[in-house]
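S.K.: Protein chains in written order, with our numbering: chain A, 1 to 332; chain B, 1 to 255; chain C, 1 to 284.
FYI, nobody ran anything at the bench for these hints, they're computed from the structure. It is possible that some hints are incorrect.
[Stated by the list, open to error] Sample of chain C residues at the chain B side, in silico, Cβ under 8 Å:
{"id": "1", "residue": "Trp21"}
{"id": "2", "residue": "Ile92"}
{"id": "3", "residue": "Gly224"}
[Unchecked claim] Residues from chain B shown here face chain C by an in silico Cβ test under 10 Å; the list is partial:
{"id": "4", "residue": "Val20"}
{"id": "5", "residue": "Phe26"}
{"id": "6", "residue": "Val68"}
{"id": "7", "residue": "Ala81"}
{"id": "8", "residue": "Gly133"}
{"id": "9", "residue": "Pro140"}
{"id": "10", "residue": "Leu224"}
{"id": "11", "residue": "Val243"}
[Said to hold, decoys possible] Label pairs and their computed distance ranges (CB to CB):
{"id": "12", "chain 1": "B", "residue 1": "Arg159", "chain 2": "C", "residue 2": "Pro182", "range": "33 to 41 Å"}
{"id": "13", "chain 1": "A", "residue 1": "Gly105", "chain 2": "C", "residue 2": "Asp61", "range": "53 to 61 Å"}
{"id": "14", "chain 1": "A", "residue 1": "Arg108", "chain 2": "C", "residue 2": "Thr60", "range": "48 to 56 Å"}
{"id": "15", "chain 1": "B", "residue 1": "Phe43", "chain 2": "C", "residue 2": "Val80", "range": "55 to 63 Å"}
Note that the Cβ used here is the ideal one computed from N, Cα and C, for glycine as well.
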Amino acid sequence: MTASVSIRSVSQRYGTALALNDVSLDIAAGEFVVLLGPSGCGKTTLLNLIGGFAEPTSGQILIGGRDMAGVAPKDRPTTTVFQDYALFPHMSLRDNVGFGLRMRGVPRADRAKKADAMLALVGLEGRGDRRPHELSGGQRQRVALARALAVEPDVLLLDEPLGALDLKLRRQMQDELKAIQRRVGTTFVHVTHDQEEAMAIADRIVVMNHGRIEDHGPPREVYLHPKTLFTAGFMGEVNRIPVSGGNAPFGPVPVADGILCIRPEAISPTGALRLGPCTVQDAAFFGSYVRAHVSPLTAPDLRLVVHLPQSQLVEEGRVLDLGAETHVVLSE
Amino acid sequence: MRLLSWAYLAAAYVFVFLPVAVLVVFSFQDGRLPVPPFRGVTFEWYAKVLSDGKLMTALGNSLLVAVVSSTVALILGFLAAHALARVRLPGSALMRGVLIAPLTVSYLIIALGLLNLFTQTGVRLSLWTAGIGHVVINLPLCFAITYAAMGDHQRNAERAARDLGAPEWKVLLLISAPMLAAPLAAAFFLSVTFSWDEFIIAFLLTRFDVTLPVEIWSMLRSGLSPATNAVGSLVFLVSVTLVILLELLVFRRTK
Amino acid sequence: MSLAARDRRLAWGLMAPALLWTAAFFVLPFLGMIALSFAHMEGRQVVQGFDTGNYARIFTDWTMLKALINSLEITAVVTVISVVLAYPLAAIIAFRVPARWQRLALLMAVLPFWTSYVVRSYSWPLVLGQNGVVNQTLLGLGLIAEPVQIASTRAATVVGFVHFFVMLLTLTIYANLIQLSPNYARAAQDLGASRWQTFVHVILPLTLPGVVTGAFLTFVLCIGDYITPQILGGNTELTLPQLIMLQLGRSGNFPLASALSVVLMAVVTLAYFASSRWLRLDRV
Numbered sequence: 001m002t003a004s005v006s007i008r009s010v011s012q013r014y015g016t017a018l019a020l021n022d023v024s025l026d027i028a029a030g031e032f033v034v035l036l037g038p039s040g041c042g043k044t045t046l047l048n049l050i051g052g053f054a055e056p057t058s059g060q061i062l063i064g065g066r067d068m069a070g071v072a073p074k075d076r077p078t079t080t081v082f083q084d085y086a087l088f089p090h091m092s093l094r095d096n097v098g099f100g101l102r103m104r105g106v107p108r109a110d111r112a113k114k115a116d117a118m119l120a121l122v123g124l125e126g127r128g129d130r131r132p133h134e135l136s137g138g139q140r141q142r143v144a145l146a147r148a149l150a151v152e153p154d155v156l157l158l159d160e161p162l163g164a165l166d167l168k169l170r171r172q173m174q175d176e177l178k179a180i181q182r183r184v185g186t187t188f189v190h191v192t193h194d195q196e197e198a199m200a201i202a203d204r205i206v207v208m209n210h211g212r213i214e215d216h217g218p219p220r221e222v223y224l225h226p227k228t229l230f231t232a233g234f235m236g237e238v239n240r241i242p243v244s245g246g247n248a249p250f251g252p253v254p255v256a257d258g259i260l261c262i263r264p265e266a267i268s269p270t271g272a273l274r275l276g277p278c279t280v281q282d283a284a285f286f287g288s289y290v291r292a293h294v295s296p297l298t299a300p301d302l303r304l305v306v307h308l309p310q311s312q313l314v315e316e317g318r319v320l321d322l323g324a325e326t327h328v329v330l331s332e
Numbered sequence: 001m002r003l004l005s006w007a008y009l010a011a012a013y014v015f016v017f018l019p020v021a022v023l024v025v026f027s028f029q030d031g032r033l034p035v036p037p038f039r040g041v042t043f044e045w046y047a048k049v050l051s052d053g054k055l056m057t058a059l060g061n062s063l064l065v066a067v068v069s070s071t072v073a074l075i076l077g078f079l080a081a082h083a084l085a086r087v088r089l090p091g092s093a094l095m096r097g098v099l100i101a102p103l104t105v106s107y108l109i110i111a112l113g114l115l116n117l118f119t120q121t122g123v124r125l126s127l128w129t130a131g132i133g134h135v136v137i138n139l140p141l142c143f144a145i146t147y148a149a150m151g152d153h154q155r156n157a158e159r160a161a162r163d164l165g166a167p168e169w170k171v172l173l174l175i176s177a178p179m180l181a182a183p184l185a186a187a188f189f190l191s192v193t194f195s196w197d198e199f200i201i202a203f204l205l206t207r208f209d210v211t212l213p214v215e216i217w218s219m220l221r222s223g224l225s226p227a228t229n230a231v232g233s234l235v236f237l238v239s240v241t242l243v244i245l246l247e248l249l250v251f252r253r254t255k
Numbered sequence: 001m002s003l004a005a006r007d008r009r010l011a012w013g014l015m016a017p018a019l020l021w022t023a024a025f026f027v028l029p030f031l032g033m034i035a036l037s038f039a040h041m042e043g044r045q046v047v048q049g050f051d052t053g054n055y056a057r058i059f060t061d062w063t064m065l066k067a068l069i070n071s072l073e074i075t076a077v078v079t080v081i082s083v084v085l086a087y088p089l090a091a092i093i094a095f096r097v098p099a100r101w102q103r104l105a106l107l108m109a110v111l112p113f114w115t116s117y118v119v120r121s122y123s124w125p126l127v128l129g130q131n132g133v134v135n136q137t138l139l140g141l142g143l144i145a146e147p148v149q150i151a152s153t154r155a156a157t158v159v160g161f162v163h164f165f166v167m168l169l170t171l172t173i174y175a176n177l178i179q180l181s182p183n184y185a186r187a188a189q190d191l192g193a194s195r196w197q198t199f200v201h202v203i204l205p206l207t208l209p210g211v212v213t214g215a216f217l218t219f220v221l222c223i224g225d226y227i228t229p230q231i232l233g234g235n236t237e238l239t240l241p242q243l244i245m246l247q248l249g250r251s252g253n254f255p256l257a258s259a260l261s262v263v264l265m266a267v268v269t270l271a272y273f274a275s276s277r278w279l280r281l282d283r284v
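Construct all of the structure, not just a fragment, from the sequences and the given hints.
M.R.: This is the structure we're talking about:
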């Protein structure tokens, strides 16, 4: 059970505010897409439009090729995992998970069987008689997932489902989410503001800002070859070096004009784009790497963040000869 | 469905406002009976009511009883709520139950019990005895409202103040009370409106000085009169003013 | 003295005034009333003792038993009608009225709640009486040939009560509805529930504690009220509070009045236990 989603020049206006500005996006059947962006970027609005909780001001949304205009949430082939889970506190887990089937008139015994199977899928085997308040946050999240998947939707919408979990649990749930998606094959559209979470689970990341899509592509592509400065900055730390007329502050570079963007971990002694000798301003041990601020001798006002291997001896005042292994050039 | 909702809302408003509207409209009746047909507008009944010494005395009594009894109820309720929210005592749940209990008992029964107590102990009935009864009914209200408003946030601020060397009475006065200004005001105003409007306790526990509802009650015995409508309209005006003030001053600000 | 012990002593000190007040002016009189209910009258004198005659009389004297039955019937009818009318009103205000107008809509819906109780009861005969607004309007429209008798009937009492309790219940039910996460309803509809199914399976069960609490308050206030049946019901039939007031006024029979009050209290206690599973009195 899976379907493609096609968003065609969708805009959403609330009063004078433009929450979505002419957004178009095609999501393939069975794809795991993550909508990533800061709060207020329009990602949740877009999710609500797909789920049918709001109608777009203009534009069209198709699911499995079918136009969804005027189709109520209950009649759409989508289900949602809500940020607060919205588990029904007065029902057992089995009744929660079986709720959608009950609404579809499935007999009690059948839906109990299906609910138990879904609970097993999310690792809550044999807990069907419990009530939501007896569960931990992570377990509630799983029940919400099981409930949404029990009706075999073509598209599953997840609204920051891991947002309420602590970091360790969140990383663990990411892996499970990904595994479950592989198993059921349903199209997942997942909203988050955590770029690490996005990279961990997405087939494709859609970066949004100010109601527009800034960038989209596989995690590697979006991280290493961002199309905009916003994407570059949102996906991770980046050094931005202004270049004009082939000259950077530390010397000539093989780039005409623009902003030279270099990730901290791309800087090493062997990098091809030479920065020249740099003074270490400060350094801190981060476990898997050493994080340091350095300034090229030729441009003492420029402060660059670098991540160096923990084996490298980095201390304040030391001079290292550094270069960038990869870089991109973007315009302002 | 949408249309039905608005129709229902409109019908509800008509039902809710019908008696009040009739009351107010016929307080201006230029005639002896406050029923249709409406014979024209006059302020004669208001003039009569406002110059009625007995009514005005009763009004003053009502306000006095309301303010004094609400103040007492608020202070007692606030202190108890503060104590119960702060320390987990072995009998906490029971204490809360005892303090809330009067809410579930009919005013008539509270009045009867007190009447019996005062008669047996030889206490003369007066505005004071009515006030004691009003504290009994308003104390649970003040307690419940302030208790519900005390959260972790509150407790942490109080702990910080104590940590910085404030004695308990200063914590109460400088931290707890200002932080709870809105619920305290809400509890006070609610108590005042309940007390100044209360009939059965005031009726059974006063003798010569009476409160406004009791005075109105004796007016009713002489039959329908636009004068009663006029008093009722004035009472309504005062209550509504109180409620609107509360809404504007307290709830607007906390939002 | 340990810190915890000092804290506890301080807490007791802060609680003492409220507890003493409640003990002296609520618990003590209440116990006194129970004791008095077992006394009896000789002439105009109260004779203390243990005499169950008052209770025997309540359950054998048809006037008294009828008053109890009247009170129960009226209260039950009022509670049911009020909940049924108030729920949609609260729901419309919570879900249909735009957020910025909700407080105003609610304030308006319960504004007459704040009029004097006595005055509000008094104004109903003006509406329902032979010459009242309703009859005059219906006559004027030619819908009826002669005035309908509504005032001074049980129907008038019920109307007066329902008017008051619809407002009270609208407040409590609205407060419950508004604190529900909107995602409950969205989740239900997302999973295929119709509006009606969403209401029956999700919204109603989640608001049940609030509704039961409101209904219980309605029950308590309604069954103990003297004014409304006295002004609106006339003297066609008595309710328990009217009977109690009669005992106090006419014959000064405090013991019988106390026994009637204990019965009234017992009924309320029964209602409490019947609904205690869902009651949230500390969150009124």
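S.K.: Tell me the numbers of any earlier hints that the structure contravenes, in ascending order.
M.R.: The structure breaks hints 6 and 15; every other hint is satisfied.
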